[in-house]
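2 protein chains.
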Amino acid sequence: MRMIGNWRSAAAFRVRIALNLKGLPFEETFIDLDAGDQHAPGFRAINPQGAVPAFFDGDGPALTQSLAILDYLEETHPEPALLPREPKARARARSLAQAVACDSHPLYVPRVRHYLTDDLGLPREAMQAWLRHWFGTGLATLEARLTGEPGTGRYCQGDAVSHADLCLVSLWVGTAIFGVDTAPYPTVRRIAEDCLSQDAFARAHPTRQPGAPA
Amino acid sequence: MRMIGNWRSAAAFRVRIALNLKGLPFEETFIDLDAGDQHAPGFRAINPQGAVPAFFDGDGPALTQSLAILDYLEETHPEPALLPREPKARARARSLAQAVACDSHPLYVPRVRHYLTDDLGLPREAMQAWLRHWFGTGLATLEARLTGEPGTGRYCQGDAVSHADLCLVSLWVGTAIFGVDTAPYPTVRRIAEDCLSQDAFARAHPTRQPGAPA
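Top line first, the protein sequences correspond to chains A and B.
At position 113 of the first sequence the residue is numbered 113 (the UniProt record's numbering), and the sequence of numbers has no breaks.
At position 68 of the second sequence the residue is numbered 68 (the UniProt record's numbering), and the sequence of numbers has no breaks.
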């Protein structure tokens with residue numbers, strides 16, 4: 001197995017955690033998103049969307065979109081399971097994962113930040129406010145759901161790690177990068193810190209990948 | 001089965017199509033997103049994220065996030081299948097669905113449009129440009145992937161309808177609402193028109209739901 005990623009990519013981080021948890025060896029190549037490597041013709045031929053990660057399992061075209069890759073790994077390497085068996089619990093774990101991966105993260109990726117400043121001419125401070133707003137909205141949604149919905153346990157869904165936790169952690173690590181006040185999100189913090197104390201998560205951490213600032 | 005939705009919601013549309021294709025009877029209650037019904041305490045108690053659809057199958061809390069609901073329906077009512085069996089084909093169908101549901105749609109939902117105009121003070125024309133840009137980016141991504149990737153057939157993935165087509169159609173119907181030039185997206189058009197000619201899709205169409213303008 002092989003992946004093209006980037007040290008900072010939250011999406012690549014999620015896949016890296018799953019591979020570690022399932023004990024699957026993989027190689028990762030890192031491209032430079034700030035230099036625009038994702039828009040180079042060579043990479044566009046791999047993923048026309050120009051986004052990481054691009055994942056390869058043997059022959060064939062790249063698999064893309066982190067949640068689709070997580071489901072692929074779950075279906076091809078079911079143990080240890082990263083989704084509950086019971087359908088409604090499974091749906092909740094996926095829903096929490098999507099609250100991060102669909103409704104929060106896509107709002108502050110590089111292409112969106114560039115469009116706001118370069119195309120709409122938004123001042124840098126307004127772009128920063130945008131970023132903090134949607135980042136905070138993602139955290140607030142998780143906190144509200146984790147405290148308000150039955151189903152939360154040691155982890156997002158019950159007492160076993162699931163895709164929801166991988167997404168939660170991929171959001172959480174941004175709080176340090178973006179300097180976000182984490183006080184309003186104690187449940188998110190509790191789960192994130194629990195996960196990040198585990199080797200499979202810690203080894204996958206963005207700051208431990210090639211290309212990360214020292 | 002029961003759903004709280006809105007005539008215009010692309011996410012509710014996707015779930016409605018799946019229920020029709022699987023022949024599952026359901027009741028849908030429609031709330032008014034323009035009036036802010038999704039932020040009322042009663043609805044927030046159902047979905048703290050304040051978003052539709054909220055889906056109920058018997059007892060228990062609502063299931064949320066359209067893709068999680070689609071997977072739930074697939075797991076609990078496998079026939080007719082709306083995902084291929086082969087893992088890589090399945091991953092590609094999911095990836096195309098997520099290119100719409102994660103990377104395009106969340107960028108122009110009401111909460112984002114309101115933040116741009118009400119909080120960042122963006123002129124209405126700039127907000128419209130934003131909307132057209134990300135809507136067009138979603139269509140362009142689909143067109144590039146459908147023409148460039150092996151796997152495309154009569155539908156997005158091979159010759160059977162999958163979650164990818166449900167998401168493609170949920171994007172496509174916005175072209176009429178937003179007055180978008182569809183000429184650059186002939187493959188998206190071909191698949192969308194094929195799907196929309198089928199009863200299960202046609203009955204689910206936003207303009208045929210209560211609350212839609214005449």
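Please keep in mind that the hints were generated in silico from the structure rather than gathered at the bench.
Don't take every hint at face value.
Each pair may be met inside one copy or between any two copies, as identical chains are not told apart.
[What the hints assert, rightly or not] Okay, derived cross-link-like pairs now, EDC-like style, lysine to aspartate or glutamate, Cα gap no bigger than 16 Å in a straight line:
id, residue 1, residue 2
1, 88, 57
2, 22, 75
3, 22, 79
4, 22, 199
5, 88, 34
6, 88, 59
7, 88, 37
8, 88, 181
9, 22, 194
10, 22, 193
11, 88, 149
12, 88, 199
13, 22, 143
14, 22, 181
15, 22, 74
From a predicted model like this one, the values you see are computed outputs, not experimental measurements.
Hint check results:
1. Taking the shortest alpha-carbon separations for residue 88 and residue 57, only the inter-copy value of 9 Å comes in at or below 16 Å, while the best intra-copy value is 30 Å.
2. Within a single copy, residue 22 and residue 75 get their C-alpha atoms as close as 12 Å, which meets the 16 Å cut-off; across copies the closest is 23 Å, which misses it.
3. In this assembly of identical chains, residue 22 and residue 79 lie within 16 Å of each other by CA distance solely inside one copy; the values are 7 Å within and 30 Å between copies.
4. Taking CA atoms no more than 16 Å apart as the test, residue 22 paired with residue 199 passes inside one copy only; the shortest distance there is 12 Å, against 43 Å between copies.
5. Within a single copy, residue 88 and residue 34 get their C-alpha atoms no closer than 40 Å, and across copies no closer than 30 Å, so neither meets the 16 Å cut-off.
6. For the identical chains of this complex, residue 88 and residue 59 are inter-copy neighbours only, at 11 Å across copies versus 34 Å inside a copy, given an alpha-carbon limit of 16 Å.
7. In this assembly of identical chains, residue 88 and residue 37 lie within 16 Å of each other by CA distance neither inside one copy nor across copies; the values are 40 Å within and 26 Å between.
8. In this assembly of identical chains, residue 88 and residue 181 lie within 16 Å of each other by CA distance neither inside one copy nor across copies; the values are 33 Å within and 40 Å between.
9. Taking the shortest alpha-carbon separations for residue 22 and residue 194, neither the intra-copy value of 18 Å nor the inter-copy value of 40 Å comes in at or below 16 Å.
10. For the identical chains of this complex, residue 22 and residue 193 are neighbours neither inside a copy (20 Å) nor across copies (42 Å), given an alpha-carbon limit of 16 Å.
11. With identical chains, the CA atoms of residue 88 and residue 149 are at most 16 Å apart within one copy only, with a shortest distance of 13 Å there and 34 Å across copies.
12. In this assembly of identical chains, residue 88 and residue 199 lie within 16 Å of each other by CA distance neither inside one copy nor across copies; the values are 29 Å within and 29 Å between.
13. When the C-alpha separation of residue 22 and residue 143 is checked against a cutoff of 16 Å, the pair qualifies neither within a copy, at 27 Å, nor between copies, at 34 Å.
14. In this homomeric assembly, residue 22 and residue 181 never come within 16 Å of each other (Cα to Cα): the closest approach is 33 Å inside a single copy and 46 Å across copies.
15. For a Cα distance limit of 16 Å, the shortest separation of residue 22 from residue 74 inside one copy, 9 Å, qualifies, whereas the shortest one across copies, 25 Å, does not.
Checked against the numbered hints given earlier, this structure breaks hints 5, 7, 8, 9, 10, 12, 13, 14; the rest are met.
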